[in-house]
Amino acid sequence: MLEAIILTIITAATPLLLAATGELVVEKSGVLNLGVEGMMVMGAVAGFAVTVSTGSPLLGIVGGAFAGVLVSLLFAFVTLTLVANQVASGLALTLFGLGLSGLIGESFVGQPGIKLASLDIPGLTTLPFVGKVLFGQDILVYLSFAAVLAVSWFLNRTRAGLILRAVGDNHTSAHALGYSVIGVRYLAVMFGGAMAGLGGAYLSVAYTPLWVENMTAGRGWIALALVVFASWIPWRAAVGAYLFGAVTVLQFHAQAFGLGFPSQFLAMLPYLATIIVLVAISGNRRATLFNTPSSLGKSFVPDR
Amino acid sequence: MRLELVKRSEKSRVMSVLSPVVAVALTVVFAGIVFAAQGHNPFTGIWYFFLEPITSLWGVEQLITKATPLIIIALGLSVCYLSNNWNIGAEGQLTIGAIVGSIPPIVFPDFVNPVVLPLMLLMAMAGGALFALIPAKLKTSFGTNEILTSLMLVYCSNLFLDWMVRGPWRSPQGYNFPITIDFHEWAVLNAVDVGGININLSAPIALLLVVVLSVVMRSTLKGFEIRVLGQSPRAGSFAGFSNRRMTAFAFALSGALAGLAGMMVVMSEIGKLQPVISPGYGFTAIIVAFLGRLNPVGILIAGLVIASSYLGGEAIQTSLQMSSKLATVIQGVLLFFVLAADTLILYKVRLVTGREGERAHA
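Note that the protein sequences, when read in sequence, are chains A and B. For the first sequence, position 58 (counting from the first letter as 1) is numbered 58 according to our numbering, and the numbering increases by one without interruption. For the second sequence, position 84 (counting from the first letter as 1) is numbered 84 according to our numbering, and the numbering increases by one without interruption.
In isolation and in its complexed conformation, chain A is listed as follows (with noise of 0.2 angstroms):
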């Protein structure tokens, strides 16, 4: 039972990990890209597309990173070189996800996918209980806690995430010091466009195995709240996501149990937990004034 409902919040938390570590990337590099929603809805789209058309769930993965980048490239377009608002274009980019991924998924609407095989290591997946949910996850789930581990050593321990970190905190001294402030915030915008479309093809690929419009209900968001929660900090990004996965199993668990309570109450837990997460995180207005890089959400133009 215990074991069922570790797996289960592992499942529901790693969408919303990808997701998540990527934007951290992107906020770092002083970029406030909104429209990680549609950035995942069109991973998720792809993700099905792909798996269903050649019927390999990993191949269906990168083609769920590659939709994520190519929209993101939209995004970085008009902010980084047009220096649009930003917060506009994000919600641009929301909407224009939502609605392409419902036009690409029409035809993919209530056809069975493939689901993501499991990665078993032999001999450690039989072990009882840490075998299956330590050793018998899927390749995203690994991929999730690779990723916390290894972006949280490129920030702080190389020389092209102090670059990243300087141009988020500082784009004129960064520019000054001949550094392209464009060019790492472009790839950072990539980045965090692969990192959602990874989350959402998870949720199309090995979550649910099929498609539905809208299908990501939010979860860009929440993704977007837990950079804030996290602070900034990669592996603060893990423990919340853990906390969110729990958060909707507890839901689904409380529906099962048949509590007698409107499962519309129990859907909204995710939802309200978001709110009081960061109506708790924003009272606490040092630890996060201390680490939001300088430049977030502020346009760049070089002067030539």
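Keep in mind that the hints were calculated from the coordinates and are not lab data. Among the hints, erroneous ones may be present.
Stated by the list, open to error - Covered by chain A, according to a simulated footprint, are these stretches of chain B (three or more residues, beta-carbon under 8 angstroms):
1) 74-80
2) 100-106
3) 112-118
4) 152-158
5) 286-300
Said to hold, decoys possible - List of simulated lysine-lysine pairs, BS3-like, C-alpha gap at most 27 angstroms:
6) A/Lys132 x B/Lys11
7) B/Lys11 x B/Lys325
8) A/Lys298 x B/Lys325
As the list claims (entries may be wrong) - For each label pair, taking beta carbons as the anchor points, the in silico distance ranges come out as:
9) A/Leu73 x B/Pro168: 44 to 52 angstroms
10) B/Gln317 x A/Thr54: 24 to 32 angstroms
11) A/Ala146 x B/Pro168: 44 to 52 angstroms
12) B/Val212 x A/Thr158: 50 to 58 angstroms
13) B/Val216 x A/Ala146: 53 to 61 angstroms
14) A/Ala256 x B/Pro109: 32 to 40 angstroms
15) B/Val216 x A/Ile139: 52 to 60 angstroms
16) A/Phe252 x B/Gly39: 54 to 62 angstroms
17) B/Val29 x A/Leu59: 30 to 38 angstroms
18) A/Ala146 x B/Gly167: 39 to 47 angstroms
19) A/Lys298 x B/Gly167: 41 to 49 angstroms
20) B/Gly39 x A/Gly110: 20 to 28 angstroms
We put the beta carbon where it would ideally sit given N, CA and C, even for glycine.
For chain A, the structure is supplied; the task is to place chain B on it using the hints.
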């Protein structure tokens, strides 16, 4: 080869007017490409999508019906965005407004007289405003990001509506469908024939709001306050304007208008509550607000343009057997083009070829 932006010494007035036109033109080109890619003649596609729907009186009537809620909601949102408050939860405020405004005909079905209709509209506005004040209050008291909270509340409000129509408010005569009882005759907006087009009260209300907001924004202290606080909160506070009060005002106003629009849609088109009462008007109104350059008259025009894309979606479905979802894609693309074209107001865009670019850097 790359693009280079050169800042203009002052805002280009020509481009302020022209940029939405450029955006619409680019969107039409984009649509043409999509039609061509689907194997249709692009001009036929553009005709069916953008123009054919409004060649009949019935089409114009539909256009007005769809544009009205968009315009009303976008007017409220424009005040928010101008004052630098990012309310993107209009869809939820619309829903809660419609629920609150529906209390008289559903809970008190015997309360039948001419007072009901204005009462419903006022209650819907109050409901929408109060619901919008939640993210506003969280923003001013705790500094919580209003974009995320207002959006999360949309999901909550839709689930709440779903529960209401399946639970406490489900009609006993509804054959178990998730619908409430039908509103009585005083609780619906009847259409009046105006020159062959059926129009109900909501269209003149939208026009009136455009006029009122134009006057307020252009020639009152309140309009000045909204713009100053939006552009520079610090300068605003020196002038004695309060940013907190402005946040509450902007959210309450936009929530009230979203609630009003939602109630009028329910009253005129549906006549009862059901799980879905809006085809995403609250989100599409964001596009309308930006396409209209956050200006009331601009919003009026933008509302009609965007509403035509809803009709266009249905038109290409019947005439070209294409998916009506193309309409949402085109709306999203249009918003991208609007934001991109706005760059022209502040910057001149130059295409720098490889050689020239290198020399500029040397």
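These are the hints, each one checked on the structure:
no.	hint	result
1	74-80	violated (count 0)
2	100-106	violated (count 0)
3	112-118	violated (count 0)
4	152-158	holds (count 4)
5	286-300	holds (count 3)
6	A/Lys132 x B/Lys11	violated (62 angstroms)
7	B/Lys11 x B/Lys325	violated (37 angstroms)
8	A/Lys298 x B/Lys325	violated (33 angstroms)
9	A/Leu73 x B/Pro168: 44 to 52 angstroms	holds (48 angstroms)
10	B/Gln317 x A/Thr54: 24 to 32 angstroms	holds (30 angstroms)
11	A/Ala146 x B/Pro168: 44 to 52 angstroms	holds (48 angstroms)
12	B/Val212 x A/Thr158: 50 to 58 angstroms	holds (57 angstroms)
13	B/Val216 x A/Ala146: 53 to 61 angstroms	holds (55 angstroms)
14	A/Ala256 x B/Pro109: 32 to 40 angstroms	holds (37 angstroms)
15	B/Val216 x A/Ile139: 52 to 60 angstroms	holds (57 angstroms)
16	A/Phe252 x B/Gly39: 54 to 62 angstroms	violated (44 angstroms)
17	B/Val29 x A/Leu59: 30 to 38 angstroms	holds (33 angstroms)
18	A/Ala146 x B/Gly167: 39 to 47 angstroms	holds (45 angstroms)
19	A/Lys298 x B/Gly167: 41 to 49 angstroms	holds (47 angstroms)
20	B/Gly39 x A/Gly110: 20 to 28 angstroms	holds (25 angstroms)
Violated hints, in rising order: 1, 2, 3, 6, 7, 8 and 16; the structure is consistent with all others.
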